[in-house]
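Read top to bottom, the protein sequences are chains H and X.
The opening residue of the first sequence carries number 41 in this note's numbering; numbering runs sequentially from there.
The opening residue of the second sequence carries number 122 in this note's numbering; numbering runs sequentially from there.
To be clear, the hints were calculated from the coordinates, so they are not data collected in a lab.
Hints should not be assumed to be uniformly reliable.
[To be verified] Now the stretches of chain H that chain X is said to cover, found in silico as 3 or more residues with beta-carbon under 8 Å:
{"hint": "1", "stretch": "73–80"}
{"hint": "2", "stretch": "94–108"}
{"hint": "3", "stretch": "134–144"}
All of these numbers come straight from a predicted model, not from anything done at the bench.
We put the CB at the ideal spot given by N, CA and C, even for glycine.
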Amino acid sequence: MNEIEKEAARIAEQGESPRRLARDPVNLPMIRNWVEAIGDTNPVYTDPEAAAKSVHEGLVAPPAMAQVWTMYGLNGQRGGDDPLGAMMTVLDDAGFTSVVATNSDQTYHRYLRPDEHVAVTTRLEDVTGPKRTALGEGWFVTTTSTWYVGDEVVAEMRFRVLKFRPAAKPAEAKPVVSTPVIKPAINRDTEYFWEGTRAGELRIQRCGGCGLLRHPPGPMCPECGATKPKYLVSEGRGEVYSYVVHHHPRVPGKEVPFVVALVELEEGVRMLGELTGAAEVRVGLPVEVVFTKVDDELTMPSWRPRA
Amino acid sequence: MIQVGDSLPEWHVEATPTFVISTALATRDFQDVHHDRDLAVSRGSKDIFVNILTTTGLVQRYVTDWAGHDALVREVNIRLGAPCYAYDTLKFFGQVVSREEAGLVIEVVGRVPQGDHVVGTVKIEVAA
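In isolation and in its complexed conformation, chain H is listed as follows (with noise of 0.2 Å):
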């Protein structure tokens, strides 16, 4: 166990906090403004004659605002047994400075009415790491809070924060792309398709027997059996059939991240490809073709917008 751990497990053997009463009890002034800024306008919280008629059978306050009535607010501090507080100093000491919450779990067992006084406390459930994340290197913390009115428990939350030590920013400001692309697999079947982005044409697979259109090419017709294929030149033209956003895993070559689109062409067929130079995607995008020549082998094509 080292240092770390050892903090933690002491803090969590002495279980939950005092309990400490929230500055004002529940009051419809603050419900007021709470729901003034989220713009809710249920009338169970502001209007009495709709709430007397509602289930609740009077006022009530927003369950969300559960812990608003017990925020430390503009110049108050965390007592010194306060276990997040004493945690995120134990981390703060070991260099794991900066701090993101990552989960709230809220449980509301009824809803307050004003003039309710609520008290809370808190207790140190977890201590976990140290762990690799995508911020950096830190420690996930989490803590259960229960809020109660007299011996009442009214309502709890199990909160986590990772509390991190920053990675080192310059060296990461800027993704690096400059990796060499991934090259398709160029066969019989295919050829004439890279043979054609190269000439600046967009080849569509034509059956050399019933003439139907195909993509993506293969060897034989599954209209008719052929395996004579032929090609049609598209117009490059088409429309958004459907589109996704690429983020994650990073892709050689490309800088995440980048839309792929599946494009209707106006001869039928359907077509995937990068889609670039779009403000916003949406099905139904009028596109054409722009091909990029990458070497002397290979141009590959791609969509922007059109007129």
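Start from chain H and add chain X according to the hints.
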């Protein structure tokens, strides 16, 4: 009658600076990153951003606006992701994923341009 699989209507919240600040103060969260852009930027953020208690409140509102004024919210369980900065549009999506003895479980996602701001579930009870 609400059925498992029902979708909630998509809902967009424009996170104006006024929205970010008024909600932070209404939830009594006075951390500077929620109201002072200069300090937020100096701490490495793009701008001021929405605080957690507001996200919780928005998730609650999204579900109760849809389920009706008499729906009782029992749990709001959320995982926090990308920050919702001032001037972002926060887009909410939701779906009823299961029915439990006492009520319904609704899955909610709130997205910003940077990715998922919040993913979670809300448990509610509604009159039969």
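Cross-check of the supplied hints:
1. Check on the stretch 73–80 of chain H: 7 of its residues sit with their Cβ under 8 Å from a Cβ of chain X, so the three-residue criterion for coverage holds.
2. Here's how the stretch 94–108 of chain H fares: 8 of its residues keep a CB closer than 8 Å to some CB of chain X, so the rule of at least three is met and the hint holds.
3. Figure legend: the stretch 134–144 of chain H, annotated as covered by chain X; annotation consistent (5 residues with Cβ-Cβ distances under 8 Å, at least 3 required).
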